[in-house]
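Same order as they appear, the protein sequences are chains A and B.
The first sequence lines up with residues 1 to 311 when you count with the working numbering.
The second sequence lines up with residues 1001 to 1241 when you count with the working numbering.
Take these hints with a grain of salt, some might be off.
Said to hold, decoys possible - Chain A is faced by these chain B residues, among others (derived, beta-carbon under 8 Å):
#1 L1009
#2 N1013
#3 P1079
#4 R1080
#5 H1084
#6 A1087
#7 R1237
#8 L1241
What the hints assert, rightly or not - The following label-pair restraints were derived from C-beta to C-beta distances:
#9 A16(A) <-> S1236(B): 22 to 30 Å
#10 K128(A) <-> A1210(B): 48 to 56 Å
#11 T103(A) <-> S1236(B): 15 to 23 Å
#12 A16(A) <-> W1211(B): 49 to 57 Å
#13 G130(A) <-> S1236(B): 27 to 35 Å
#14 V1105(B) <-> T103(A): 16 to 24 Å
#15 A1218(B) <-> A123(A): 51 to 59 Å
#16 Q1040(B) <-> T103(A): 50 to 58 Å
#17 A85(A) <-> I1229(B): 22 to 30 Å
#18 T235(A) <-> A1078(B): 30 to 38 Å
#19 V1105(B) <-> A85(A): 41 to 49 Å
#20 R8(A) <-> L1112(B): 49 to 57 Å
#21 P1173(B) <-> E117(A): 41 to 49 Å
#22 G130(A) <-> V1105(B): 21 to 29 Å
To be verified - Sample of chain A residues at the chain B side, in silico, Cβ under 7 Å:
#23 L51
#24 F88
#25 T103
For the record, the hints were derived by calculation from the structure and aren't laboratory data.
The C-beta atom is built at its ideal place from N, Cα and C for all residues, glycine as well.
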Amino acid sequence: MSAAIETRGLSRRFGARLAVEDLSMTVPERAVYGFLGRNGAGKTTTLKMILGLIRPNAGAVRVNGIDVARDRIGAARQVGALLEAHGFYGNLTGRENLGLTATLLGLRKAEIDRVLEVVEMSADADRKVGGYSLGMRQRLGLARAMLGAPPILVLDEPTNGLDPDGIADMRRFLRSLSERTGATVLLSSHLLGEIEQTATHVGVVNDGRLVLEGELARLKADLAPELIVRTGDDTRALSLLLAHGRSPVAAEAGLTVALRPGEDPDQAAAAITRQLVESGASVFAIGPRERSLEDIYRRVAGFRSSLAEAA
Amino acid sequence: MIAVLSVELRKLNRSLAALLAVAAPALIGLIAFFSLLRAQHPMPWEKWLQMSAGIWAFFMLPMSVTALTALVAQMEHAPRAWDHLRALPVARWKLYAAKAICVVVLVAVMTLLNQLITWAAISAATALKPAVAPTGAVDASKALLLNGKIVAAALLMIAIQLWMALRFASFVPALALGIGGTFFSVVATSAKQGVFFPWQMPVNMLARDAWRIETALALGGGLGLIALIAAILHLSRREVL
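Only chain B is shown next, with the shape it has when bound in the complex (with noise of 0.2 Å):
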């Protein structure tokens, strides 16, 4: 399982999918930037973490899951590189097992990225403007279990998404359910019913109530986990013809 994980590693070099993964936290980072720089009063660090935790569970997650899964799909659809791999003597089950793990990988690095990127756009930002310099000091560890509590809740919007774009060729019925999940998600952000929308769990992490964050988490992560083995079974026993 290792060598098939080192592999599905190695494929993102020079890849789009690796481009998207830095890319898609940075955005977030440039808005951090210029809103400090915009900032009339200090803000704790804490208010800082969590601006760019909320817009990224909120919509920059599902939309760049959305793009990666399409993304890391498409490296071995464009090429038509399944017949070549499935004819290798390698259980089929571990080839999709590896992207599933590279992919969830992929989103934690970017998560925390995102908020490595925000620390280090407002530290920048302090620089120039250090009346507005934030106050406190960083809570690492809180920052941590929020975005692993954001990961975990995105699990069943990544088993969906993942299943979407490697069990059609074509980019668009992953496309649209992503971005069809992402609008339904934005628009749809106060409905109590949202926290069971999979598009809108990971931002659920943010909720006051404990019952919100409790659920999401159940679903997102204990049905998201249920559903990423679901969906390698099937794929690995399905024709790719």
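Next up, chain A with everything else stripped away, as it sits in the complex (with noise of 0.2 Å):
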């Protein structure tokens, strides 16, 4: 799989403070890829510096192949974006809103309709925007984003102000666009969620740094299996699971059981299920834990609470 976005030791700073430091980020082709960070982690100092909007002091961005500082006009025919500030007019209807784009992109009308079609607007295109919610709008900003059917769409906080229907909405959205287009998506958010439930490809960032990246479902497979247990008295199968050398931890949903370096699972529920009945203890259920985006998080250094709450 070929990068539609690379980023090589992007680099920018904004007085005495690093925004974003020595960023190397890959989004595959066709990857749904979900830039995670918390507020101020310098996700959208980095999509600004890919889409050409900010210079980088250090590093180079290539979209497609193009590089952005030598091309910047080439690099953002590839790309359609849609940014937190949606810079809307809000005397002019959707329609017209889209239009001013179309033209500038060298667009027939029949494209303000399609794209309209696809995010569900048709019915409100004729209205003004200052009357549109938040949610229309952000619709109205993907659409305009997907004028020209571009390879590559970068969406920064794309369900930021939703309804939790809005939300579902997007998701749904989201998740079935690349399949539909084949277009590149990249995505960036605060919601461990929002990421986990769309994406196919995850890059997280801490203070200006790429922490980790990767394909979501090989990431997942790369943590330890866990089993969670769930007993009659969870106090009580802690400390026998820990006199028997287990590290059980306890959980909402039971007690979470990490496996040995090259423990099967179903021997070790086994073997677990027996210390535990012969020790008195009733064991209701056990089984492996699904393991989370949450959970790669927890893996990742100085990067815990804040996250995690956040989702």
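The two chains are supplied separately, each in an independent frame; assemble them into the complex guided by the hints.
Take a look at the structure:
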């Protein structure tokens, strides 16, 4: 898989503050890449450098192989963007707003109807944007980003300000977008759940540095397997398992028990059940624990509470 | 460039800037209407049109340029549209050049509208008070030449105000500069040095001394064009954070 977006050693300083430091990321073609980090971590600054809106102090960005610093316009032709600030003109209708961008991109009017249909905004397209809800603006922003069917979409916090139904719709839409259009999607978010439910790949940025990157399924698979055990008395089961050389952790759903290196999960489940039952504890359920993006975070140094809370 | 210009003009649809473009000259028309109703003796058409051009160049033009440039710039600043515009595959200088051309064209249209509305207002007032009907004929070419010069001399003021309005996301610096410039221009009307003051250059087109007209026209128009180009280049190269 070749790279749709590639940054190498990207750094950007604002006065004394280093907003992005030596950031090298690779967004594979046709991936839905979740760019995750808490507020102020450097996500938007990175996206702005990818879009050529601000210049890096060091490093380079290539979009579909085009160096942004050398050919910004060529690189911009590859990308449709939905930025945090929508930049719509409230005195104009949704259709008129899209018409402005379509004119600048040299597109026909039929393309406006197409993207309006994709985001299900055709019925409201002739109302003034000044009267739109945040969710409608967000969908219109997405429609504008898709004008001309660019091969890459850069979406900065696309679910910001949406109500729960809007968030669910947007997630569904983003998940299907790459399959339907073949586009590569780079979306930034500070919400673990959002990335987990939409992305195929993930990059985690913290204090301007990329601390983790990879295919989400592989990252999850790389984590040591764990079992989740539900018992009649978790406190007693905890001390029993400790006595058997395990390292159980009390969680909401029961006790999580990390497996030893090379240990077969089925064999381990049988052994743990036996040990607990023989010691008089009642076991209600035992099975492999589904690994989440939050587990991956826990492995990343210095990246614990804030994002997990945000999720 | 034509596409960028058409986009810029379409943005004005139902905007405050478009409303201002009609409202400001209409105010002078209103003054002209009541002036004729109060007049005791007939005056030539030339005088009426000159009076209207004088009020325009002296006060309403600098104030309108201040408000117009601020409104046009706020159309982009307020919704933070710059990021979207500057991320498009369009040369950035074209975005700013289109904006500058649009403002200059609007100012020219407002200047022309001022004369047309004055003509209409005087004609309407004449119908109510025929005794003071303007004498002579309307010399359209002379009026066009005078108003053309006023617009040309205003170029430097337009360039300064537009740069200020586009450079700062807040409208306060541009507004303060425009109000300050107009204020000094009004209080120092008779000062010889006024000819070098951008906000007073347009009104100098009505002066009797040829050197005042020539100096203000050369500085306002010539320097104005250079300043406009410099502003476009500067704005297109800087980062909008």
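Here is how each hint holds up against the structure:
| no. | hint | in the structure |
| --- | --- | --- |
| 1 | L1009 | 10 Å, violated |
| 2 | N1013 | 6 Å, holds |
| 3 | P1079 | 5 Å, holds |
| 4 | R1080 | 3 Å, holds |
| 5 | H1084 | 4 Å, holds |
| 6 | A1087 | 4 Å, holds |
| 7 | R1237 | 10 Å, violated |
| 8 | L1241 | 7 Å, holds |
| 9 | A16(A) <-> S1236(B): 22 to 30 Å | 28 Å, holds |
| 10 | K128(A) <-> A1210(B): 48 to 56 Å | 52 Å, holds |
| 11 | T103(A) <-> S1236(B): 15 to 23 Å | 19 Å, holds |
| 12 | A16(A) <-> W1211(B): 49 to 57 Å | 54 Å, holds |
| 13 | G130(A) <-> S1236(B): 27 to 35 Å | 29 Å, holds |
| 14 | V1105(B) <-> T103(A): 16 to 24 Å | 18 Å, holds |
| 15 | A1218(B) <-> A123(A): 51 to 59 Å | 57 Å, holds |
| 16 | Q1040(B) <-> T103(A): 50 to 58 Å | 55 Å, holds |
| 17 | A85(A) <-> I1229(B): 22 to 30 Å | 29 Å, holds |
| 18 | T235(A) <-> A1078(B): 30 to 38 Å | 59 Å, violated |
| 19 | V1105(B) <-> A85(A): 41 to 49 Å | 28 Å, violated |
| 20 | R8(A) <-> L1112(B): 49 to 57 Å | 56 Å, holds |
| 21 | P1173(B) <-> E117(A): 41 to 49 Å | 44 Å, holds |
| 22 | G130(A) <-> V1105(B): 21 to 29 Å | 26 Å, holds |
| 23 | L51 | 4 Å, holds |
| 24 | F88 | 6 Å, holds |
| 25 | T103 | 5 Å, holds |
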